[in-house]
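Q: Same order as they appear, the protein sequences are chains S, A and L. For the first sequence, UniProt numbering assigns the number 1 to the initial residue and increments by one for each residue that follows. For the second sequence, UniProt numbering assigns the number 1 to the initial residue and increments by one for each residue that follows. For the third sequence, UniProt numbering assigns the number 1 to the initial residue and increments by one for each residue that follows.
Derived by calculation from the structure, the hints in this document are not laboratory data. Heads up, the beta-carbon is just placed ideally off N, CA and C, and yes, glycines get one too. Check each hint, because a few of them may be wrong.
To be verified - Selected chain L positions facing chain A (Cβ under 10 Å, derived; list incomplete):
| # | residue |
| --- | --- |
| 1 | V24 |
| 2 | P139 |
| 3 | S140 |
| 4 | L144 |
| 5 | L238 |
| 6 | G242 |
| 7 | P244 |
Unchecked claim - Chain A side only, calculated, beta carbon under 7 Å to chain S, not exhaustive:
| # | residue |
| --- | --- |
| 8 | L46 |
| 9 | S47 |
| 10 | I50 |
| 11 | L51 |
| 12 | P139 |
| 13 | L144 |
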Amino acid sequence: EPCVAALARVERTDFLSPMCIGEVAHVSAEITYTSKHSVEVQVNVLSENILTGAKKVTNKATLWYVPLSLKNVNKVVEVPPIQYARKEQEDEGRKRYEEQKLDRLETKQRNGDVIFPVINPEPHTVGYSQSSLIHLLGPSDCTLLGFVHGGVTMKLMDEVAGIVAARHCKTNVVTASVDAINFHEKIKKGSVITISGRMTFTSNKSMEIEVFVDADPFVDEPQERYRAVSAFFTYVSLSKEGKPLPVPQLL
Amino acid sequence: EPCVAALARVERTDFLSPMCIGEVAHVSAEITYTSKHSVEVQVNVLSENILTGAKKVTNKATLWYVPLSLKNVNKVVEVPPIQYARKEQEDEGRKRYEEQKLDRLETKQRNGDVIFPVINPEPHTVGYSQSSLIHLLGPSDCTLLGFVHGGVTMKLMDEVAGIVAARHCKTNVVTASVDAINFHEKIKKGSVITISGRMTFTSNKSMEIEVFVDADPFVDEPQERYRAVSAFFTYVSLSKEGKPLPVPQLL
Amino acid sequence: EPCVAALARVERTDFLSPMCIGEVAHVSAEITYTSKHSVEVQVNVLSENILTGAKKVTNKATLWYVPLSLKNVNKVVEVPPIQYARKEQEDEGRKRYEEQKLDRLETKQRNGDVIFPVINPEPHTVGYSQSSLIHLLGPSDCTLLGFVHGGVTMKLMDEVAGIVAARHCKTNVVTASVDAINFHEKIKKGSVITISGRMTFTSNKSMEIEVFVDADPFVDEPQERYRAVSAFFTYVSLSKEGKPLPVPQLL
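Can you make the complete structure from the sequences, with help from the hints?
A: In structure tokens form, the structure reads like this:
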């Protein structure tokens, strides 16, 4: 049955090394586990400095996709099982599958949180750096089935998290890692999404920022606003020379 | 009745301060008046230098929208009235509404003008700096209903006006203000638009450039080319240090 | 009958001069020949340095289009003949038409070649610099009929050729010319295209790189992967000052 893959979850991802302008990105991907209704894909990203030939791993990521029927986008299609080279690979995959399933459920339950504006907030408080942006999902943001690309949402989430981090530190900041991102619900073309971020924790060396994506369906739809995605980003503060700086503590 | 807002007019807008790379733009908007078939929206734009925390008003704009039925895009829907805090707000709004209505009518009447190419024009004449560009309206330029975004048209108009100004002055130039922009007619996806600009006036300190947008409907349509938008832009000439320079007079 | 023009072929194109950031591009085009089912268009590109007024020809190109019916995209429409100023223009046009027709046929026949990955290739061998990228054709890549714009494909082909050239030379490289590009088959929105390039020849001063575009139709289609486009690019190697450098010989 013809189908399309919807991104359901991205596992925790570390950004090990920056990718620079003029470098060539090598992205490779393979299926590492299949459950009845989902596919685990392992992606590796290398940067290649084309003038020196030097290659570096910039990040690795694990993504879970769910196949949706092309004819009925609300129907999840069955996944043909893959063959494993060794029995342990299947067992380890099943363990990862069960763990992420549990985590998705838990994330969904504590997802009622809303970020309210704060009047005249003090520097280094949560209210001072919290930020949000809104975006109308146009044709270029969406797949052929008319749902937003997961990558478009993740880019906007990282943008908001970066603004929160920079407002807190007043320095250059860079993404160190992203905790698991759960895509709870599809978002349809024409929706307006609100991406909100707030500082949730600081250590001496890094900041944790929680980001929510809420979707308001297009005017034509009877549906209410809903929480579509949520995740935690970790940022570090950098000097102009690119050295890590201490992070001001959250009050 | 489900509807979509079509941009009908942007009031005169001053650009008070530049927005720089790396700054965060704050855009806020509220409805300030409703007539039976239109909505006035006041938009404020602030720039925030995230490292210093400094905020500046970069511009304010007033936009008029007309709600069109989703089922029949040629039908204008009735606007539910808003509640005003004070009676004077409604009276002032009605005055603004009547004024813009009159101005739209007048603009439409003097809209027959066409810009013809000039062979071997002398420097500093109208023919020397006049410019035009053509653009095929693709999916990314359009709303979900398949009509061009007003912002796409305005960006192209500013681009043409900037080329006219730079050709006249041979310096860096910057938009100081835009006079009221009237969107006389919708423009459909697949249309080819021609954006033409010519210098209409110079003072010692600034230049006025008139810009027209003409639309040729897609091959499949029986409609003729029509004037869709027109506006006047004011530009100033800048030295490399960003100081205002005198403008060569139009011959 | 309403129709849309599909790009069938671009003749050999020389890039005479670079186009710089901030310059204005002047693109003019005219029909120079019509056969029963195709149109030859001559395009000239000038760069204008707006501050000095200097204009330079950056390149000229000849493109062949085939008109397809809007109602049935597999039907080629008849072209109304143009009037020629002189009889020789028609004769010369017919000669160009016959030549390109022959060349298209020949290119199609030798198009079975595939680029295989090489394990641990030696520097300056074909396998060392060969490169490929994949791209999902989204709405912004396509015309209103849902087929990819020729320009999108050509840009990606040039990108791959540039990576091949830079990997071979480990220097800055620039496109000097593109040999005739034949668009053998349309590519539909939703297809995944693989663009592959390999070094085919080096002289002391330049490199020739062959680029293939293979299309995998969207999951819903029964069609197999097919070769959609192929072309040869010529690149030169440049020093940091922009002077031509000798090219390492292909082993």
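Q: All the hints need checking, so say for each whether the structure fits it.
A: These are the hints, each one checked on the structure:
{"no.": "1", "hint": "V24", "result": "holds, 6 Å"}
{"no.": "2", "hint": "P139", "result": "holds, 4 Å"}
{"no.": "3", "hint": "S140", "result": "holds, 5 Å"}
{"no.": "4", "hint": "L144", "result": "holds, 5 Å"}
{"no.": "5", "hint": "L238", "result": "violated, 28 Å"}
{"no.": "6", "hint": "G242", "result": "violated, 23 Å"}
{"no.": "7", "hint": "P244", "result": "violated, 32 Å"}
{"no.": "8", "hint": "L46", "result": "violated, 13 Å"}
{"no.": "9", "hint": "S47", "result": "violated, 13 Å"}
{"no.": "10", "hint": "I50", "result": "holds, 5 Å"}
{"no.": "11", "hint": "L51", "result": "holds, 5 Å"}
{"no.": "12", "hint": "P139", "result": "holds, 4 Å"}
{"no.": "13", "hint": "L144", "result": "holds, 5 Å"}
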